[in-house]
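**Q** Both chains are given apart, each in its own frame, so use the hints to dock them into the complex.
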Amino acid sequence: MLNAQFDSDNVVKICKRKLKISFRCNKEYNGWYMIGKRRVARITIPKGKKNISPGLYKGMAEDLLLSTSEFDNLMSCPLSGDGYKKIVQKRL
Amino acid sequence: MQRKKLFPKSNETYSFSGALTRAFLLNKFNSSSTFENNDFQHHNNYYLYSIQSATNSDDYCQKLKIKRLDTIVLNKAIEICFQKDEDIYIAKCVDFPIHSYGDNLVEAIDNLRTNIEELIDDLKSSDDFSHKWLDVKATILHYI
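Protein chains in written order, with the numbering used here: chain A, -16 to 75; chain B, 2 to 145.
These are computed hints drawn from the structure, not numbers from a lab.
A quick note: this is a predicted structure, and the numbers were derived from the prediction, not measured.
Mixed in with the good hints, there may be bad ones.
Stated by the list, open to error - Only part of the chain B face toward chain A is listed, based on derived beta-carbon distances under 7 angstroms:
id, residue
1, Cys82
2, Asp86
3, Ile91
4, His100
5, Ser126
To be verified - Label pairs and their in silico Cβ distance ranges:
id, chain 1, residue 1, chain 2, residue 2, range
6, A, Lys69, B, Thr72, 20 to 26 angstroms
7, A, Leu75, B, Asn76, 27 to 33 angstroms
8, B, Thr140, A, Pro61, 31 to 37 angstroms
9, A, Ser63, B, His132, 21 to 27 angstroms
We put the CB at the ideal spot given by N, CA and C, even for glycine.
Excised from the complex, chain B in its bound form (with noise of 0.2 angstroms):
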C-alpha cells in the first residue's frame, strides 16, 4: 500500500473558511508544495475545517476536524484521519466507525460529511441497532 505523506510540517494548525477550502485542498493536497502560514485569512465566524498535520508518530494518517456539515450544525467538531491508497482517498472519523471515499480528498470528505449525516438520520430514526452502533448513537449525540 502506497502511503504519501500530504502534511510536510508537523504541530501546525491552519483554519480558513469554506470558500477558501476546496481551493485549498485541491491545490495543496495534490501537489507537494509546502503550507504557509499566510496562506488563508483567518474567518473566526466562518470555520469550516481546520487542519491539523499528523503527529510524527502517525504519518501516514493525516488529520482534520470537520466543523459543519451540510444541514446539521455541530456542537463539537468531528475528528477525521484521510490517507491515499493507490488512486483512491479515504476518510475515516476517529471516534466513531465511519469512512468514506474519493478520487480526491475534497471529495472523500464531502462524501464523508454526507455519510454522517446519513448516519445521524439513521440513528435518530430507532433504537433497533447493535450495541456496538448504540454505543455510536450515544457517542454522535454529544456532536449535534
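If we strip away everything but chain A, and leave its shape as in the complex, we get (with noise of 0.2 angstroms):
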C-alpha cells in the first residue's frame, strides 16, 4: 500500500487527470466517475491531508471499485485511465 507516498492533492489531481472527475469541492472533494453520462463510481477525498492513513487509503480505492493494489497503481502510474475503464465495466 502506498498511501504514505502521497497526500489527498496528489489524489485529487490523479483523478481529474486520468479519470476526468469533475469535484464538487465544499467540506471535502466529491466526484462522479462517469462512463459516458452514466455515474458509476463516487469518490469522497478530505481536503488538505498530508498523511493518509491506510484506512483513508482503502476507502478512496473502494470508493474507485478498485482494490488497494490497482488504486496503488492508478497512482503511481501503471493503471491509465483507460486501463481503470476496463476494470470498471467488468465489475460494473
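**A** Laid out in C-alpha cells, this is it:
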C-alpha cells in the first residue's frame, strides 16, 4: 500500500487528470466517475491531508471499485484512465 | 491500523439535543472517560443524534444514528458507524456506500451529513447511474 507516498491533493489531481472526475468542493472533495453519461463511482477525498492513513486510502480505493493494489497502480502511473475504465466495466 | 475503542460499555443508548451534541462528542469521545446515564437530559422532540454502543463482536466500529440532516428532514434515522484510523476519524453509512472523514468525530459526522445531502441531491437530479447506484437511490428514498 502506497498511502505514505501521496497526499490528498495528489489523489485529487490524478483523479482529475486520469479519470476526468469533476469535483464538488465543499467540506470535502466529492466527484463522480462517469462512463459516457452514466455515473458509476463516487469518490470522497478529504481536503488538505498530508498523511493518508491506511483506512482512508482503502476507502478511496473502494470508492473507485478498486483494490488497494490497483489503486496503487492508478496513483503511481501504471494504470491509465483507459485501463481503469476496463476494470470498472467488468465490475458493474 | 490502530483502533481505539470509543465506547467503554455495550448495549446502552444515549439521546440528547443538538445543542449538547457537539460538546458531548468532543468532550467524551476524545477522552477515555466513561459515560454516565445522567450526563444529558432527554428532549423527546429534538433528537439530533442517538448513540448506541457497539456489540461485542463489532467493538472497533462504533455505531450512531443520524436523525436530521442540515436541510432535509429524515423520516427514518440513518445508521452510521465510525472508527479512528491513525489521526483521522472515518464515518460510514451502514446501509449505503458513503463515508466521510474528519480530524475529530464531530467533524467526520458533520462532513458525512453534508455528504449525504449532496448525494441525495445528485441522486434526485438524474436516473443515469449504474445499477449499484440506482439501488442506493431506491434505498435512500426510504429515508426522506
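**Q** All hints are to be evaluated individually against the structure, with a verdict given for each.
**A** Right, here's what the structure says about each hint:
1. Cys82: 12 angstroms, violated
2. Asp86: This interface hint holds because 3 angstroms falls under the 7 angstroms limit.
3. Ile91: Since the shortest Cβ distance to chain A is 5 angstroms, the answer is holds.
4. His100: 6 angstroms, holds
5. Ser126: Status violated, d = 10 angstroms.
6. Lys69(A) <-> Thr72(B): 20 to 26 angstroms: Violated - the Cβ-Cβ distance for lysine 69(A) and threonine 72(B), about 39 angstroms, lies outside 20 to 26 angstroms.
7. Leu75(A) <-> Asn76(B): 27 to 33 angstroms: Check passed, 31 angstroms falls within 27 to 33 angstroms.
8. Thr140(B) <-> Pro61(A): 31 to 37 angstroms: Holds, at about 35 angstroms.
9. Ser63(A) <-> His132(B): 21 to 27 angstroms: 25 angstroms, holds
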